[in-house]
Amino acid sequence: MSIGILGYGVYIPRYRINRAEYIKAWGQFAAAGVEEKAVLGFDEDSITMSVEASRNALNHAEVDASKLNAVYFASTSSPYAEKLVSSTIAMAVGASPRVSVADFTSSTMAGTSALLMGLDFVASGRGHFALITASDCPYADPGEFIEHPFGAGAAAFVVGEGAPIATIENSDSTTIEALGERFRKYEEKSIETLGIPSYTEAVIMKTVTSSVKALIDKTGRKPSDFNFVVLPQFDGRMPSTIARMNGFEETQFTPSMIVSQVGDAGAASPLIGLAKVLDEAKPGNRVLVASYGAGAGSDAVSINVNEEIMKRKGAVPSVKDYLADKKYIDYIYYLKIKKMI
Amino acid sequence: MAHVSIPSYWKTLPQRYCLIGMKCKNCGTINFPAREICISCKQKSEFEPKKLSGRGKIYSYTIIAAGSAPPEFSEQERLAGSFPVAIVELEEGLRIVAQITDYEEEDLKIEAEVESVFRKLYEEDKIIRYGLKFRPVKKRKPLP
Amino acid sequence: MQKVAIIGVGQTRFGDLIDKKAEELFAEAFLEALNDVDKGIDISEIQEVYIGNSGVGGGQLGNFSSLMTDHLGLTGAAALRIENACASSGFAMRAAVLAVSSGVCDVALAGGEEKMNDTPRKRVRYWLGISGDMEWERLSGMTFAGVFALMAIRHMHEYGTKREHLAMVSVKNHKNGASNPKAHLQRETTLERALASPMVAYPLTLFDCCPISDGASAVIVCRADLAKKYTDTPVYVAGHGASTDRLSVFQREDVTSINSSIVAARQAFKMASVKPEDIDVAEVHDCFTIAEIIAYEDLGFCPKGKGWKLLEEGQTEIGGKIPVNPSGGLKSKGHPVGATGTGQIYEIVNQLRGSVEKKNRQVSGAEIGLTHNTGGSGGTTVVHILKR
Chain X
1 MSIGILGYGV YIPRYRINRA EYIKAWGQFA AAGVEEKAVL GFDEDSITMS VEASRNALNH
61 AEVDASKLNA VYFASTSSPY AEKLVSSTIA MAVGASPRVS VADFTSSTMA GTSALLMGLD
121 FVASGRGHFA LITASDCPYA DPGEFIEHPF GAGAAAFVVG EGAPIATIEN SDSTTIEALG
181 ERFRKYEEKS IETLGIPSYT EAVIMKTVTS SVKALIDKTG RKPSDFNFVV LPQFDGRMPS
241 TIARMNGFEE TQFTPSMIVS QVGDAGAASP LIGLAKVLDE AKPGNRVLVA SYGAGAGSDA
301 VSINVNEEIM KRKGAVPSVK DYLADKKYID YIYYLKIKKM I
Chain R
1 MAHVSIPSYW KTLPQRYCLI GMKCKNCGTI NFPAREICIS CKQKSEFEPK KLSGRGKIYS
61 YTIIAAGSAP PEFSEQERLA GSFPVAIVEL EEGLRIVAQI TDYEEEDLKI EAEVESVFRK
121 LYEEDKIIRY GLKFRPVKKR KPLP
Chain B
1 MQKVAIIGVG QTRFGDLIDK KAEELFAEAF LEALNDVDKG IDISEIQEVY IGNSGVGGGQ
61 LGNFSSLMTD HLGLTGAAAL RIENACASSG FAMRAAVLAV SSGVCDVALA GGEEKMNDTP
121 RKRVRYWLGI SGDMEWERLS GMTFAGVFAL MAIRHMHEYG TKREHLAMVS VKNHKNGASN
181 PKAHLQRETT LERALASPMV AYPLTLFDCC PISDGASAVI VCRADLAKKY TDTPVYVAGH
241 GASTDRLSVF QREDVTSINS SIVAARQAFK MASVKPEDID VAEVHDCFTI AEIIAYEDLG
301 FCPKGKGWKL LEEGQTEIGG KIPVNPSGGL KSKGHPVGAT GTGQIYEIVN QLRGSVEKKN
361 RQVSGAEIGL THNTGGSGGT TVVHILKR
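Residue numbers (our numbering), protein chains in the order written: chain X, 1 to 341; chain R, 1 to 144; chain B, 1 to 388.
Treat the hints with caution; some may be incorrect.
Cut-off 30 Å, straight-line C-alpha distance, at most; resulting in silico cross-link-like pairs (DSS-like, lysine-lysine) [said to hold, decoys possible]:
no.	chain 1	residue 1	chain 2	residue 2
1	X	K326	R	K109
2	R	K42	X	K313
3	B	K162	R	K109
4	X	K67	R	K25
5	X	K326	X	K336
6	B	K304	R	K42
7	B	K162	R	K57
8	R	K138	X	K313
9	R	K50	X	K67
10	X	K311	R	K138
11	X	K67	R	K42
12	R	K126	X	K282
13	B	K39	B	K275
14	R	K126	B	K122
15	R	K126	X	K339
16	R	K42	X	K336
17	X	K320	R	K126
18	X	K313	X	K67
19	R	K23	X	K326
20	R	K138	X	K339
21	B	K3	B	K309
22	X	K339	X	K189
Simulated from the structure, these hints should not be mistaken for lab results.
Build the full structure now, drawing on both the sequences and the hints.
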């Protein structure tokens with residue numbers, strides 16, 4: 001019996017708004033490399049997205065929800081500032097009351113934090129199975145450039161004991177104090193940024209590069225050893241910049257890119273990117289996931305793909321399946337549905 | 001104002017969140033929603049939980065015109081206009097009523113296949129009420 | 001068990017009666033009923049009072065009956081407010097009949113009252129939705145019209161009923177209502193206009209739905225053997241029946257008929273020793289046009305699924321085989337929820353006496369009449385059969 005990822009699932013809402021609609025409204029679309037992005041329906045939020053992604057993950061893993069010992073939820077856009085959201089998800093997926101829950105929030109690193117802690121939970125012997133779900137729909141005021149790339153999506157992973165489809169080789173993390181990069185004070189609805197590009201880039205490079213380098217050194221590997229690399233994708237350009245700084249090639253990170261069709265899905269992005277990669281991965285592949293959360297921090301995780309990955313391929317809707325199911329809306333409807341007017 | 005209290009709503013969460021039907025130990029009928037007295041054999045029975053698959057077909061439907069929805073749905077109406085509500089006949093043979101979401105006009109017909117989804121129903125007193133809706137099963141792979 | 005007779009009936013105009021308070025409305029109907037007792041009756045003879053009222057708008061909800069008896073000069077009588085949604089006053093009538101039948105009193109008053117137009121439009125939607133299943137139907141966004149729309153869709157699917165047939169009900173009832181000075185809506189309409197009107201709950205349009213009305217009605221009943229003391233033209237309650245069905249439409253075996261109507265009608269026919277084909281005139285509960293078509297079938301005026309045929313053949317028009325809703329029905333006469341049931345009694349009594357105001361609405365030679373009053377989507381139904 002080993003411990004690792006037993007299954008995964010995603011959810012992407014079907015509504016899309018494209019670049020042309022933004023250009024009509026604002027004369028430009030300040031989201032490099034984003035062609036269109038996902039928008040929540042009126043009856044959706046980060047919780048409902050999580051539930052569907054989680055149900056997919058549990059089905060994929062063939063783990064009965066009643067066996068879960070932990071449920072972790074990660075998001076920067078939970079509908080509640082105070083109320084256990086993982087409790088809602090735990091019940092909705094059919095977990096028993098005997099679970100340890102935690103809501104991870106505050107930054108777009110929350111998804112990988114929750115994943116790593118879920119794995120620790122099982123590894124420590126506190127439980128056999130954990131469900132980790134990251135779901136996000138970042139919000140900013142309609143006039144601001146920062147709002148342009150914000151999208152929506154969710155991913156879920158079931159980790160535990162059994163025959164994992166992928167195992168975690170190792171991980172490393174970095175944190176530095178960084179103010180004003182991407183933040184939202186508790187009484188505010190909208191995310192803000194000081195909007196100093198070189199400052200942002202410097203902080204991201206310091207944290208992400210540090211974690212990635214430490215991980216690569218720790219595992220004794222080279223950047224080229226990784227078949228797939230999942231990098232922070234707040235817009236379409238960022239992964240290229242980070243890849244260059246870390247010695248990765250375009251072919252390594254392109255398969256994990258979702259931002260061009262989904263937009264920035266906050267804390268869920270690294271995990272949706274990982275899911276997309278696992279959809280294609282073969283036994284023996286190695287994946288590196290690097291996340292970033294403003295404030296600031298970065299996790300880097302090295303993942304090995306096992307034989308078992310072939311068993312349940314196609315058993316649940318894939319990232320590509322959700323990307324293909326779409327309905328376009330116009331900018332006015334976008335404003336209405338996001339309650340911006 | 002007439003409304004469904006939170007404690008009442010809370011009692012129905014196993015049905016609304018996870019589609020738990022209550023199977024009568026006396027006659028085997030699945031009661032969904034749950035009841036004290038079995039809907040079929042009318043005995044004060046013992047019940048055991050049985051999770052429903054969430055798969056079904058539209059038995060009948062209507063489209064509630066914008067401007068006429070119950071007040072719980074006036075916010076939804078403001079955002080999204082008119083909406084369909086259907087009686088869905090589940091695989092297990094019993095029926096339930098719920099909104100249809102993520103649909104196109106052509107999806108609304110008797111016998112159309114639908115699958116259950118977990119969505120926001122409405123908000124009252126700043127508390128979000130989640131529950132059951134159905135979505136047409138389409139080109140995208142249905143949920144297993 | 002005593003037989004029961006109706007000795008006086010009264011009804012206000014149904015409509016948007018903003019300048020009349022609830023008590024004033026009911027008093028008006030009551031006074032008309034008192035006056036209608038042609039040999040006179042002393043108000044103190046009324047010992048039991050049953051008033052149907054749904055409480056729309058939340059006026060006097062508690063002890064409503066005490067408020068009403070006070071304003072009628074009937075303080076001292078035993079009184080009860082009855083709520084069975086849209087069948088409230090039909091059940092009030094039943095209660096009065098049962099009281100007299102049981103021998104507990106010789107004379108009783110039944111009636112109903114509702115004010116619906118003095119509540120802001122946004123809030124009146126709350127009240128319209130209280131008569132259906134709250135937890136599942138209402139919380140799925142279902143409206144009152146929506147529930148009947150579900151029945152219509154299924155009826156159309158199983159029996160080939162068309163939107164045109166629904167519109168025919170509307171046209172017929174508007175035509176009758178146009179000759180009823182007490183009707184809420186007194187204007188004829190056409191099939192085209194009805195079909196083209198805005199959707200309320202697909203496939204039901206505005207013209208498939210009854211209006212939101214204010215109004216009151218009253219019926220004075222007494223022991224049949226005492227009737228001639230009060231009037232030369234008593235009308236007898238030959239039979240009655242009442243039943244319930246599951247509140248939630250989705251839990252019914254069949255949504256194309258209303259079981260409470262079928263059972264209530266069967267009971268009434270049995271008690272009166274008559275068959276559906278013996279009925280000369282009927283007031284049925286057409287809160288929505290589909291409800292009238294379903295009522296034809298539930299009451300046995302035609303076989304199941306063939307309601308549309310009666311319409312195509314014009315059999316339910318005045319002059320047809322079985323005139324239905326000569327008053328204009330709920331559709332055109334109006335539907336002040338609490339007052340509708342005894343309003344139907346008012347119409348049938350006048351039809352049987354030959355005293356309908358406008359002669360073109362009078363069904364000639366009517367001897368046996370039927371009233372059919374349903375609450376909500378059929379949770380409760382009461383049927384009365386009246387004879388000359």
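Just pull the numbers of the violated hints for me, sorted ascending. 2, 11, 12, 13, 16, 17, 19, 21
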